[in-house]
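Student: Given the coordinates of chain A, work out where chain B should sit on it, guided by the hints.
The chain contents come next:
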Amino acid sequence: MNVVVKPAIRPEGTAPEESGNLSRREFLARLQAVGGLLLIADGSSIIKAGEAPKYGADGMPHGTVDNPLVFVNISEDGLVTVVVHRSEMGQGVRTGMPIIVADELEADWAKVRVQQAPADEEKFGNQDTDGSRSTRHFIEPMRRCGAAARMMLEQAAALTWHVPVTEVRAVNHEVVHQKSGRKLGFGALARPAAKLPVPGRDTLRLKSAAEFRYMGKGGMPLLDGEDIVSGKAQYGIDPWFKDMLFAVIERSPVLGGKILRYDADAAGKSPGVVKIWQLPAATATATFHPLAGVAVIANSTGAAIAARKLIKIQWDDGEHGSYDSDSYRAGLESAANKPGQVVRESGDVDKAFQSAARVVEAEYYIPHIAHATMEPPCAVARIVDGKCEVWAPTQAPQATREDVAKHLGMPFDSVTVHVTLLGGGFGRKSMPDFATEAALLSQMMEGRPIKVMWTREDDLHHDFLHTVSVEHLKAGVDARGKVTSWLHRSVAPSLAALFGPDPKHEVPPELGMGFINLPYDIPNMRLENPQAIAHCRIGWFRSVSNIPHAFGIQSFVAELAAGAGQDHRDFLLDLIGQPRLIDPQSLHDVWNHGESPQRYPVDTGRLRGVIETVTKEASWGRKFERGHGLGLAAHYSFLSYAAAVVEVEVDSKGLVTVPRVDIAFDCGPQVNPDRIRAQLEGAAVMGISLAMYGEITFKRGRSQQDNFHQYRVTRMNEAPREIHLHLIPPKDWNMPLGGVGEPGVPPIAPALCNAIFAATGKRIRRLPIRGQAS
Amino acid sequence: MQLQINEQLIEVSADQDLSLLWVLRDLLGMTGTKFGCGMALCGACTVLLDGKAVRSCVLPVSQAAGKKITTIEGVGSTPVGAALQAAWQQINVPQCGYCQAGQIMSAAALLKDTPHPSDADIDAAMSGNICRCGTYVRIRAAIKRAAGLSEQAK
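Protein chains in written order, with my numbering: chain A, 1 to 774; chain B, 1001 to 1154.
One chain only, chain A, in its complex shape:
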């Protein structure tokens, strides 16, 4: 068989034209907002001087759409189909959005179906499913969609009966004329209603919270539940065509590596192999571009995997070929022990240290973590008549479409991206390199349907990893044990290095994840961010920089409390201080999750509230035998307040088990409490997983972990036997929503390590824990 080398789509070393990626654009807009970086990408969403800042969904590319004709379809048999334009990865959005629409619509839940939108932000509004913001940004537009559709149905009924619309009312999938007792079902009214004008926003009559049928109620079944348990649900790995071929790719083991030469003769003769292609060289800026590699296309995935083992590639590793986690860690520690760029300062920390009764100093290490979604990256693409169709489990539909179009050299309008279910996302699938790979290979194969499958080894070797960091903390304490001064140096390579020149510092969205915006009542504070350089692809991992920041701060507070001989809970509440609303700008947090500082101040009363609730519910203060203890941590992120108490048992050999986790959570209004609980249950398990085992290490620029035997994750026998959740009821439905998908994760690892300290007296400052409790 022939080995064909496909010439690079573009000359080596040049990136496809930079524009378009939505998360990136939003990200860059935030960078630009602080004036720290030059304009890098296209200017469409860069905040310009003198322009009022846009917040929330308005600050996202393509904002929101609230047209019921786009999102709601009612058929003549009365079935209501709600279009969901955000990606489902287990957070429940394909049930949550229909709950919102169906509630305002007065629809019968048994007659509600869901349909996934393709990538089309012009039509649907922003589709980036990240940042714990789908419900936060779309509850209002979706309520308006439901209410407008309901009013159109009511209008259609009133016109049919020749009665004033004020005399009719939609109730449970029917419109009723109370005076005459006449009723018409939604199905019968669908056609005439669709011809009516959509009522204007200011004329919409939204329900009061007392009228909600589904929002805020428990017991809502998942719309995809039956398909999932019967194997019918369609993930990115599942599209299947008779003439489809299957591909795996041997990629550069080092970021930026290039192929010097390769030999695929044996692979080409392996059973089932159809073609070998070389993929274009990587570009100077990583963004979401595929890595350089050699693809094997075969008649089954198994045949492609077997053949790939026979390929011999000689790599030019390039500048990241010496990345070594041990020496890199030493470098971070060295940087953390010297003054760095000051990002927030109040009072005089150095003077306060001199007058302190006691000075405490500690340093924490949090390694790279891989997402390890159970569905590894994968996608299907085909090209018919100059039009490319992609099926992808993507969190970033629009970016996927833009990237595919650019790499194929096709107009944007010639690319369709079907968003499948995601077999886990956690941030990994915000980076759609895998979809671009499938599209490129289909183009090379004259449009034939190609499924690209990443093996678990590919996933762990080429992930966009969670950053790696050292958190160095120092506090001065007075004679009564009160903290008077606080120095925190956070040093970690930035994910902004993906998108342009390495900023070598944490950028505002990273600083704003629980570091710069620490709302503690301490008179003298200095927060510093020394330099670090990225040597691998760093991406968003569920809760992102909150993980190291919370681990450092919440571990350190427990250490301070223990050192002062005080109860951790009381000490933490005292450190937070009185209930008050803090303007995030006063904390130098210019990001604030992209939300208005007025609408979303930091509320220390709510932070205190979750700590008070979780400690009460977990019976904080219980006395245990040695080897058994409770640990506490609290963290504010994604505009929600979370506190966890973890109970551990450590046996004589140092084996750690977690009988119980309690989490108190305040995210404001709760659309679907069952999914909020599910997300927090999952956060508890993921937090334990990363604390116990999570680590990707590098040697010679290469990730050292191959599969789940080396990158362990929590299993059934190691998971908490009980997870108790305490959702704080919202004061009212007018308060703004916080995020749900991510904020449960950050407090878990420090609460677990604080519990291990309570049980054994051993303080763990380096993650993962592994055998350190012995």
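The reader is advised that the hints may include incorrect statements.
As the list claims (entries may be wrong) - Here are the in silico distance ranges between beta carbons for each label pair:
| id | chain 1 | residue 1 | chain 2 | residue 2 | range |
| --- | --- | --- | --- | --- | --- |
| 1 | A | V359 | B | V1058 | 52 to 60 Å |
| 2 | A | D502 | B | Q1063 | 46 to 54 Å |
| 3 | B | A1120 | A | G563 | 35 to 43 Å |
| 4 | A | Q115 | B | E1011 | 30 to 38 Å |
| 5 | A | K183 | B | L1149 | 56 to 64 Å |
| 6 | A | E612 | B | Q1008 | 57 to 65 Å |
| 7 | B | S1150 | A | G219 | 19 to 27 Å |
| 8 | A | F241 | B | Q1008 | 48 to 56 Å |
| 9 | A | D227 | B | D1113 | 49 to 57 Å |
Keep in mind that the hints were calculated from the coordinates and are not lab data. Source: prediction; values computed, not measured. No residue lacks a Cβ here, since even glycine has one placed at the ideal position from N, Cα and C.
Tutor: Relative to chain A, chain B alone:
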């Protein structure tokens, strides 16, 4: 070769060494069975072979010939499978749902041999199945519900 899948005889032409997983998924288009690791480490590919849970990603298809293969697409026709699928839905077990086919197949094998499993039995049978979303507490509860047991953790 001939395979007996979900009570149906299916003729398939495949390399003897190809794993059952890729025969099901790529050659037959039966995509309910998932790929997760390729090394029998995660359980996403679990199917039943003569009623026993096996990881189809490491099982050469030749070793499945002549045996009864049950996949997620067929397990609902057994009383245990139907009870598990119902319990899974009542408790809203899935998050992303990707691993749940494998979880249900492992649970089906467990309940077939051990109709009233203890927590230790559940740990032993289910710890080969990873759920990265962390639905373990609900999986345990759903297995107990399907088995007609109290869902309290012990």
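Student: State for each hint whether it applies.
Tutor: Hints and how they fare:
1. Between V359(A) and V1058(B) the beta carbons are some 56 Å apart, a value that agrees with the proposed interval 52 to 60 Å.
2. Checking the proposed 46 to 54 Å range against D502(A) and Q1063(B) shows it holds: the Cβ atoms sit about 51 Å from each other.
3. The beta-carbon spacing between A1120(B) and G563(A), approximately 41 Å, falls within the hinted interval of 35 to 43 Å.
4. Hint check: Q115(A) to E1011(B), Cβ distance near 37 Å, so the stated range 30 to 38 Å holds.
5. The hinted window of 56 to 64 Å between K183(A) and L1149(B) is violated, with their beta carbons roughly 45 Å apart.
6. E612(A) and Q1008(B) have their C-beta atoms about 59 Å apart, which keeps the hinted 57 to 65 Å range intact.
7. Look at S1150(B) against G219(A): about 20 Å separates their beta carbons, and that is inside 19 to 27 Å.
8. The hint said 48 to 56 Å for the Cβ distance between F241(A) and Q1008(B), and at roughly 22 Å that hint is violated.
9. In this structure, D227(A) and D1113(B) break the distance hint of 49 to 57 Å, their C-beta atoms being roughly 28 Å apart.
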